[in-house]
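Protein chains in written order, with numbering that gives the first Met the number 0: chain A, 0 to 149; chain B, 0 to 404.
Worth flagging that the hints you see were computed from the coordinates, not collected in a lab.
A quick note: this is a predicted structure, and the numbers were derived from the prediction, not measured.
The beta carbon of each residue, even a glycine, is placed where N, CA and C say it ideally should be.
So the derived list for chain A, only partly shown, Cβ under 10 Å to chain B, looks like this:
1) Y7
2) K16
3) S61
What follows is each chain in one-letter form.
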Amino acid sequence: MSELRELYQEVILDHNKNPRNFKKLDLHSHHANGHNPLCGDKLELFLDVVEGIITDISFVGSGCAISTSSASLMTQFLKGKSIEETRHYFDNFHDLVTGKELDDEALEGLGKLAVFAGVQEFPARVKCASLSWHTLINALDSVDEPAATE
Amino acid sequence: MFDVNKVRSDFPILGTTVYGKPLVYADNAASTQKPQQVIDSITELYSNHYANIHRGVHHLSQKSTALYEAARETVKNFINARQVEEIVFVRGTTEGVNLVASSYLEPRLEPGDEILISEMEHHSNIIPWQLTAERTGAFLKIIPLLENGDLDLSALPDLINSKVKLVAVTHMSNSLGTINDVSRIIEQAHAFDIPVLIDGAQSIAHMPIDVQKLDCDFFVFSGHKIYGPTGIGALYAKENHLLNMEPYQGGGDMILNVSFEKTEYNDIPYKFEAGTPNIEGTIGMAAALKYVSELGIEAIDEYEQELLAYAAKQFSQIEGLKIIGTAPKKGSIISFVLDGIHPHDVGTIMDMEGVAVRTGHHCTQPVMDCYNIPATTRVSLSFYNTVDEVDQIAKAITKVKELMG
Ligand SMILES: Cc1ncc(COP(=O)(O)O)c(C=O)c1O
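Bound conformation, chain B alone (with noise of 0.2 Å):
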């Protein structure tokens, strides 16, 4: 069994009061709250081990080089890749996916080259993409979605073609909650030599990943959002990949030599990696990766599916209540619009209630006009939620209701 309480001691601030009621926090998919695993580690790095890394002969520099280095064979165990080459240090997803769109593809597109999206990107998944096709005069390709929230795959085959040179699906939507068939798309794609880049942001933190069994090309995550510092995230490439990929940005620690003539660059990953690095969040988001093995993701996703389960099955009951996202595969997370109640008003009646929950488009805007909405309230959980948590979001629901009339 989860013990859901004792992982709830780990969380400092999930005993807070907000606006003197117990804070109940359901906004897990834009950030996740930290344990104090977490926090003690970046304190300690801070206390006993700090320094710059991959530069200095001392004993400090060399202890942080240790642990920078540690981060990389952590996350590369933790998504099961092949090597910790392919672990490149990113700001985030968002920067994950701007570096393989200027260092990958950008050098490959020729006009009327094709990139294929799917309608539930996060905008983080779209601009990039449109910038480099807009500067090379390659289209954007759009996998549509469906009423319930899952994409038409049965529409790959006509969007799949040799003119494709990328494929870019997330691999869990952040509005919707849908998990899509991944493996699917990326079986399709290869058939066509296309490489596939997963967007991670939301998958990582709820479903085991092994991106040797998926197969896919690129994998891109924050730290953020599986309970790791801001400012941190990984990009998962294949290794022949990154070997043939120009440098992202350019400065110091991705270079071997440089002369006003002619630089040589470091070898991968260092290559992507130019300048002093966020080096107390890699340690961080190391420590949340560990702490999230320990407590298993097997168990974390059976609790999470169970508690999705009740909380769908509860809010269903609140009349004029519409789920917007119903898809047979999803990950904990209920988008909601209320019967003639806008979203924002939802969002800060329910925050004086001590309810923290996203309102507006969550940087999905395709989505919110397939569904012909300006905004959903999104109720995202985590394995520190309870039950009884999500009885008080339904409660608090209804207080809306009774307020707004």
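Chain A extracted, bound-state conformation (with noise of 0.2 Å):
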């Protein structure tokens, strides 16, 4: 049971339970939908990004404890953050999901989202981990399709 219990934290229960900025922001300048086909988990991301850096963001949808708590924490933590910034935490957050090794400064830039470092031990959970910062990606892109979690 430790394994699962690395994987479902109370932080992750908590932002599971009462996600944060979970509403559609009418003013937003970037938006994309995200979908998991293997689990149904859908989300969507609405982003206003002022002079390359994130005033505001925020997500709907649907999803498992991983995926949801995951969009909830990411949004939190991207608020204030800057786009070029933005593009390196995907990478470590990515590499962090995936058991990548991770120096101290990088883990410790990730803050509270190292909670998901219990993931690397569920490979079949990473997609659920990942969907939302996929999404944050294409958003970011413009890109108008669905994110796959590919």
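Each of the two chains sits in its own frame; use the hints to bring them together as a complex.
Right, dumping it as structure tokens:
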């Protein structure tokens, strides 16, 4: 059961039950849909970017605990960050959940998102954790197609 | 009495552990495990009898050919077809449906014609018809689903008319467990001379199949869902349909005479079996059918129904659990949702308890849409599952609830 506790940490359960920034943004500069056809997870992401800074970010949708909490924590984490930093965090987050070696600085940089390290023990769940991040990149690249998790 | 412990000892994988816990395999609707008899049949073929079939005069080729054709006889007997010529070996249910769509239906469709399917079909009994419809200007019509997971057969008189060129329905739903009254559908379709294809992917392993009594025109199933290998299945088609169907794929074995001007096709069923087939799969599938026959499909059915009733009772006692699909006639499948907990999380946690279940839409997205849910967790039981295992599954579900709070 210890791997399961690692996966379903309190923070994750809390954000699953009470997702933060869970709403549509009427005013937004970027927007994308994400879909994981394997489990039916769907999310819609909204960003307001002003002069390269994410001033507001939100999401709606339905998914498992891992994907919902990941989207929720991501929106909290990214508010106020620059687009440039954001792409860098995407890479680090991806390395974290796929079990690649991260140096201390990178790990610290991810702050609360480090709770998703437990996902690396569950390869079938990596896509759940990364769906919101893939959707984010699509929104920033303004791709109108739903993000795939491949 | 059905001796489940003796049966279990035929399946080597059932003795293994997952994360240190004894495996509870409850994903049988996706694919079934293999008894030693099936494993041995393939080893025996490769060790002693293997060569290409229908081609060599040498000893081994004749031996392989005999085994391959004996497998056709086994399939014929298992589903009580009139003759072996009515059995075409295919890769599985999916290929069987595609074959009928391409070789039977498509040449007969005119713009405005209709193909009648149901709301509970597996994607493999939807998409081939959709593709055919798109190419010909025909339309799909849908037999609707009722709240309890039964098809609304009272809609049939409105749906069946002379524009319908084929009816294709599943015998047993892989996501709801519902066993459909296909005889009634077949009767009403035949009143308008409309042929009917039955998707037997699920039913084949759970109930006696008699294609003559059903009077269906086509019946398809996959070997891997009835304790045989993957990559092999069978299409049954009435002889007069096969005789009037276009070839499916071109290649070796499906021809009698080839010149660049004209090719003469082989007799049925070979006309539909182009290329070197899945010889070991065919022989393994025959071994599986023999295994099931020896246990007795009626005895299997009876045991599984008891197990299903027990599981439904145990699961219903879990607070917040809702069973999706409660038709009066069901095979041993229980799909459910848990209040506030996504099936994907349920699946991961149950897996850590050694319980293999399937989560997701089970290739039946229209069913999920109908119930307005993204997915379910599906427990699908086989004759090798036990009452103890059902208790362990129920315990694992309780654990999910504890952990997810
Ligand atoms: C009802 C039903 N039809 C068709 C199929 C497709 O079978 P296969 O993937 O073996 O071709 C399945 C298997 O999942 C099924 O359950």
